[in-house]
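J.: Listed below are the residues making up each chain.
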Amino acid sequence: MPVRHAESNEVSPPRLPLALLRRLLPRAERDEVLADIRTEYVDIAAEHGLATARRWLWRQALGSAPALLGWNWWRGWTGFEPRANAYRPGGPMIKSWITDARYAVRRLRARPTYTILSILTLALGIGGTAAVFGVARPLLFDPLPYSHAGEVVTFWMPYWWNEEEYTYLRDKYTGFRDVAMEEPGDVTMQAGDGPVRLLPGRVVTANMFDVLGARPLLGRGFRSGDDQQGAEPVAVLSHGLWKELGGSESIIGQRITLDGTPRTIVGVMPRGFWFPDPTTRIWTTQPINPQGRNGNWQFIGRVAPGVDPQKMQPYVDHLMSVLRDRFQYSTKGDKTHDGRFIPIRETLLGSMRPAVVATFAAMGLILLIACANVAALMLGQVEGRNTELAVRSALGASRGRLTQQVVVEALVIGLGAALLGALLAATGFRILATSLPLGAWGENASFDWTMFAVALVIALAAVLLVVLVPAASLWRGELRGTMNSARMGGIQGRGGRLEQGLVVMQVALAMLIVSGAALLVHSVTKLYAIDPGVNTKAIAVVDVLSSSDGTAAMRRQKIDEVAAALAAMPGVQSAAATAKLPLRGSGNSFGIVIEGRESQERTITYFRVVTNDYFRTMGIKVLAGRTFDNSDRMNDSGGTVVINEALARKYFPGEDPIGRRVRGGLTGSWQIIGVVENVAEGDLTDDPEPARYYSDQQVNWLGPVATFVVRTGRDGDAATMLDQFRGTVNRVAPGFAVQETTTMSRVLDLAVGPARQIMTLLTLLSVLALTLGAVGIYGVIAHFAARRKRDWAIRVALGLPTSRVIRHIVAQGTALVTAGIVLGVLGAVVLTRVLASFLYETGRLDPVAFAAACALLLVIGIVAAFVPAHRASTVDPALVLREQ
Amino acid sequence: MAPLGVLEEQVLVAVLRTRGDAYGMEVRREIEQVTGRELAIGAVYATLDRLEQKKLLTSRRTHGRGPSRRLFELSPHGATALAETRAMRQRLWKGVDLEAMLQGRVLRTSY
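For the protein sequence lines, the chains are A and B, in the order given.
Residue 1 is where the first sequence starts when you use the numbering used here, and the numbers rise one by one after that.
Residue 1 is where the second sequence starts when you use the numbering used here, and the numbers rise one by one after that.
Next up, chain B with everything else stripped away, as it sits in the complex (with noise of 0.2 angstroms):
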């Protein structure tokens, strides 16, 4: 399976946080909130969609009061698409010391 992109990754995990509650403009909120970046709405939409395709998320509509929103859910598959990220992720930092590095940078400033 392609590594997921960072939306990507960004809107799974959203999903998940949001917990039952998964529509739009909830995702697209829950990773402003996160990042403290703003996002476009149609970019979450795209890739919600996209994921869907790919049978990493479900949707279904909500029915009762209030207007009908579609919901979406995280699939078998995309919990495993998420683990295998956060697997990469963290065989990718294995080793890496940024610790020194990020100091080295304070030393400098203060020089």
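In isolation and in its complexed conformation, chain A is listed as follows (with noise of 0.2 angstroms):
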């Protein structure tokens, strides 16, 4: 060992060529080199000597230079990495990034202001639009759960099908390969002696999980039969509800009670089926009535090999044509005519994109203001330096390189946004899909990591759209003029067109929001201005799911006891029961028979039960005869009924209904005691429809379902004492499960609808939008007038008086957003289009609307202008004149 290390010594290469060679050599790769060189130095002098390995070591460190001087050069110009090097520290690139980057974390802790602004404005930008896409994702962009989704469609009229149609259309489809039908089937289930419960079902046909093209995880679907006469009661699980019921696999051919008969579990549906929306539970047959003409089915099918789903209309028209040969139908239910197919991605998400697309949008836009925000205050930051940058510029720093460090600095804001956005996302995430109006989505709307990764991508995005500006500054700048300027005090106060076009496109993007959102609430105000017939204040509502063992009479009575015990409670006025609440969906219609006019065409009416009091708990006033009271009973003929007035209108008009009487629906002829107002008993916007109310005393309850209604004496009480009623349900009738309490002025917001929603997460954006432009505004403004400083003061102290400059500065400010205003008008006429489905006799161009909106954006411009004119106009020209 000591000999060849006294060898290695020998051999050594001289220090001098190497030290050139280490300095002209990248740093990536100069290790490697030396090394190499090293060796073939010991191997030459091995060789040939000492003498000839060192003069070829000088000829290979003086012949490279040029060459390795060329390189260097060309690498930075080009900027030209290799991928080999990609990931080597060191290297020319990376190292400068690097240092960049701690540069830049010491100025923005420096500067803790303008680095919290920042970030918290674009924070608030990519959390929301995270959010948003969290939100959106399964309802825009994932695939449905069935096979070739796009071979299968629903029918026109949904939900308006009935059994007789189904059985009859069976076998004279064309251009289908089957037809399915489903309608809503909750279940009551009672596992054991606990509560029982309602699960959201659906009723299907036995082919339908073959139309939708979904397996069962286990067991198997329906089978042809399954929906037949005699055939044995069967289910299907949800994959949610078997786990809940255990999640074994021997749930197969187990049999649960549902709705009080047995039925035997056949098959459980993968994780991750939905159908017809993700709150189902439970899926069961019932056997096919060929007569039945209940119509509340909805028809789904799918197409037959070969047939282009888009071009089915030859195939509407044959299947009205066939309808037309055997049904007559009334005008409501008519299917023969403006038949389609829909596409069931549009059936059964196609009603939540507009909301979904609108809020997208607006959140977009709320992102562009936050990053037109973000760049005005970097563009701010990068004049501030302007003789920083000339002097770095005059030391040789090129414009390549203070073009990176903005960008460095711009990322570094960027990535802390993206971790701040990630959480806010993660938090906004629950509100949004509460508060959009996504149904059972919203309540399965799941959180999920990838938000993070979107939350980044998105700041990216917008750390690339923000750093144009500064940028653009940089390299349309003259930097070395700013040294003289920066001698000169700053005396001539540059255009800042780029601040100025930040401005304008701010208040243009809060046009649209704000337009938006003046455009729902004025709609919104006009559904609420609708006189639902019903009192909506100090009445609360208590859903409860009657036990569906025991007699009729039972649980009538039991009901009735309900009802007296909450009236009977301090603070109440009156309580009562009803089957079906106004303002909850169509319910129940029967057809109607007037007695004396039989062959008159046969229509239907709403049909619902009611306790005595319901009427006066209500509000619902009467215009003629009488309501229900205890002397009504039911005899051999017949019973009493009250009517609506719409009814009275259609049937008598010109008479007096009071003591005609009615049958269709029950059995015996019913006696019409009295006319109540029109109710809105299905939508808030339906036309009056006739509708029946029927005592409980005289009827049995319809369904499971009963929903008491509580009027209280204050208004707040309704809401406040919720759970005292709760109570009082649970301790008269254990039997009865609880579904909802809520009030009715809630019932009023839901059935205001979507718009509602929407309106209040709009004008919720809206707000945030006209705070961050009036930052955007007031920023530019005041950077406006501080760069002119110098020059106002001359002319103050030349003899102009201050209110002057206040006007000029306001009206520079005032010029800005009236153009954006005029920019953003132009914008929300094509933009609301979205908006267009959820507005109530309120135009897409309604001119309220857009007034009120102009003018608000309009008075938030002038006072974020003032407020820095004024700051101008009260500085002392003296001080600012002795400054520099």
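Take these hints with a grain of salt, some might be off.
To be verified - With the C-beta cut set under 10 angstroms, the calculated list includes, among others, these residues of chain A facing chain B:
| # | residue |
| --- | --- |
| 1 | Leu-25 |
| 2 | Ala-28 |
| 3 | Glu-40 |
| 4 | Leu-62 |
| 5 | Ala-65 |
| 6 | Pro-66 |
| 7 | Leu-68 |
| 8 | Leu-69 |
| 9 | Phe-360 |
| 10 | Tyr-528 |
| 11 | Gln-600 |
As the list claims (entries may be wrong) - With beta-carbon atoms standing in for the labels, derived distance ranges:
| # | chain 1 | residue 1 | chain 2 | residue 2 | range |
| --- | --- | --- | --- | --- | --- |
| 12 | B | Thr-35 | A | Thr-52 | 18 to 26 angstroms |
| 13 | A | Tyr-103 | B | Gly-20 | 39 to 47 angstroms |
| 14 | A | Thr-52 | B | Thr-80 | 38 to 46 angstroms |
These are computed hints drawn from the structure, not numbers from a lab.
This structure is a prediction, so every number in the text was calculated from the model and none was measured.
Backbone N, C-alpha and C define an ideal beta-carbon position, used for all residues, glycine too.
Using the hints, put the two standalone chains together into the complex.
T.: Pasting the structure below:
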């Protein structure tokens, strides 16, 4: 070893040429090249002697110098970095980026206001957009859990079809491989001695899963015959319900009691399968009645192989002609006109799309406004650093290098904003999911980690947008000239066109959101102005599921007992029960026949079962006759009925309906004892529909669901006493399961529908947009005023009144805001199309809404410009002039 | 595509000839051995980089035992460029009778 050591010492190459090479070689490759040169040197020395080796090394070093110098220059110029060196530390590029990042962090730490403001602003935009994306993804982008979902379509007039039509059409479809149908079929389930539960479910035909192309995870789907008369009652569970029931494979073949009837579990659907929405937990079949006229079904078909689902009109026409030949339709429920097949995606998710798209758009606009704000802030920073940048440039920094610094600073801000934004997205996600009108989708939306990735991508895109502005200013500006103007004290205020452009853009974007919100506010105000016919103040609502065992008489008695107990509570004026609350969709309808006019065309009316105090509790006015009292009892020939004004007008025009008799829906004939005012029995915006009310003393409750309404003395009590009402129901009727407690005003809110929810959301976003916009205007005008400080000071010193200064600066701001408003209105004319489906009696270009939005923005713009203007006018000119 | 320079052509061919072991120093040695002329390593590296930037070569890093090295490989573009250069050379030489001139020179010298 010592010998070898001596030897290696002997052949160690001369230092000078190696040092020269070390200086010239790029860091990333320096060590390997030098090692190779040493090896070669040793080899040459061994073969040809030391002197030859030394000469060779010198020749290498000097011969390489021009090439390496050129190479270094070229790499610096083109920024070329070989892929092999991409991740090696110390390469020329990486090194400067790291330096810049450290410099940026130092700079940002030294300017906390700027840093916090930029990160917060950007994070709001990023977080919001990421959250909306999280909510929107399953609705807009994820595939449906059905095979080749593009081939599956639903028929026109959803939930208006009946079993008779289904049976008749069965072998007459052309263009379809198979057609199935489904209707809502919530069932009660009682496990052991526990309270009954209501399971959201669907009644489907046996071929439904085949039409959807979905296979069960366990067991089988329904088999043909499962929906025939006499078939064994079966059920298929959702994955979630199966897990809840123990998640054991042995569940197949077991029996559960649904609606009081035992059913055999034949299958479990896989995780991720849903139909028609994610809350549905169970699917059952029922025997199809070929004469069944109960029209609550929706038809779903899978098109035949080779048929284009886009070109189905001939098949629709054929089907309509088949229907026309066989069935006579009254105007309502007529399926022989305007038929079309609707892609299943549109049927299931289409109604939510506008809401999601509108929110997405609004959030994207806010992100853009945030970007503009941060860009303006950075621009201010770059201009504030003008002297520093000019010195750097004079010392040899290229513009590319200076731009790189700005980019790195933006990236650091972007990273901070992405992290904060992801946190905001995680918290805002749930609020968003429940405040958007997504129904079952909102309840089932789940946060997932892809949102963080999304936040990062959005942040990166935002940073690129933001950095364009200061970079453009760097490339356009005359840096060297800045040093001279710095000495002169910046007398000539430069135009700041970029900043002005940013303000115009912000105002335009804010205008888009504000006009959208204004349209919805206008429309929703109109909706609330509709009189639903019931009192919505001071009424509490308790939905219960009454147990299905026991006779109908026992159940009625229990319901009456609960109503009496509720009415007896302190602070309660009256209480009643109904089978179906107004403002919650159509409910039951049955055919009506007026006695003495049997030949008249059969039509249907709403059919409601209520307790005697119902009208008084709900504040429904009696227009003629009376409502039910305890003397009303059913006898062999029938009983008594209360009708609404719409029914009286339609069937007894110009006559007194009191004392007349009607039939239909129930056996016997029923005498009209009173007429009450029209109530929005179905939806808020429906025209008045004929309705009949029957007393539960004479008619059985129709289903397991009953709704108690409780009128309290004070409005606030209705909401605060809900738990007490629930307690009373549980105490008086332990077998009843309370499904939901709410208030009538909340029911009205829900009835106003998606527009109200989107309005709330858009109004919130408008506030955000206006705040950001105002900050932007303020910042730019303040900057503008500060830059011309010396200018103003001289003029004021020469006698210009300060009011002129204010007027000038405010005028500048107003001009920018006006330009933005004009641009914004032009954009809004196109963009408000998204909202069209939510507008009720409000044009998409409603002048009132637009005028309000313009006025609001103008006022905010002027105020935002006035603050810096006022400040500029109060500056003491002597101080300013002495400053430099 | 601009025609390859002489050194570029030599470097590309040397990368091919060293077959999978083409790092800078090895490429230099290969060229030196074939041409019999000494070549500065700096020139080789600068050329390799330029060729990579033109996408005629790709480079990757070796990992494992021994020093990490930047290894070069001919890209499909590089192969096309070489083929074109060779074809151009062949067109250039087509019909040129160098033999006669060389013989003439021999004759002249024999005078």
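J.: Decide, hint by hint, whether the structure agrees.
T.: Hints, verified against the model:
1. Leu-25: The hint holds - Leu-25(A) has a Cβ within 10 angstroms of chain B, the shortest such distance being about 8 angstroms.
2. Ala-28: This interface hint holds because 8 angstroms falls under the 10 angstroms limit.
3. Glu-40: Hint holds; Glu-40(A) Cβ to chain B Cβ min 7 angstroms, cut 10 angstroms.
4. Leu-62: Check passed: Cβ of Leu-62(A) comes within 8 angstroms of chain B, closer than 10 angstroms.
5. Ala-65: 7 angstroms, holds
6. Pro-66: For Pro-66(A), the interface hint holds, since the closest Cβ of chain B sits about 8 angstroms away, which is under 10 angstroms.
7. Leu-68: This interface hint holds because 4 angstroms falls under the 10 angstroms limit.
8. Leu-69: 9 angstroms, holds
9. Phe-360: 40 angstroms, violated
10. Tyr-528: Result: violated, 66 angstroms to nearest chain B Cβ.
11. Gln-600: With a minimum Cβ separation of about 85 angstroms from chain B (threshold 10 angstroms), the hint on Gln-600(A) is violated.
12. Thr-35(B) / Thr-52(A): 18 to 26 angstroms: 19 angstroms, holds
13. Tyr-103(A) / Gly-20(B): 39 to 47 angstroms: 43 angstroms, holds
14. Thr-52(A) / Thr-80(B): 38 to 46 angstroms: 41 angstroms, holds
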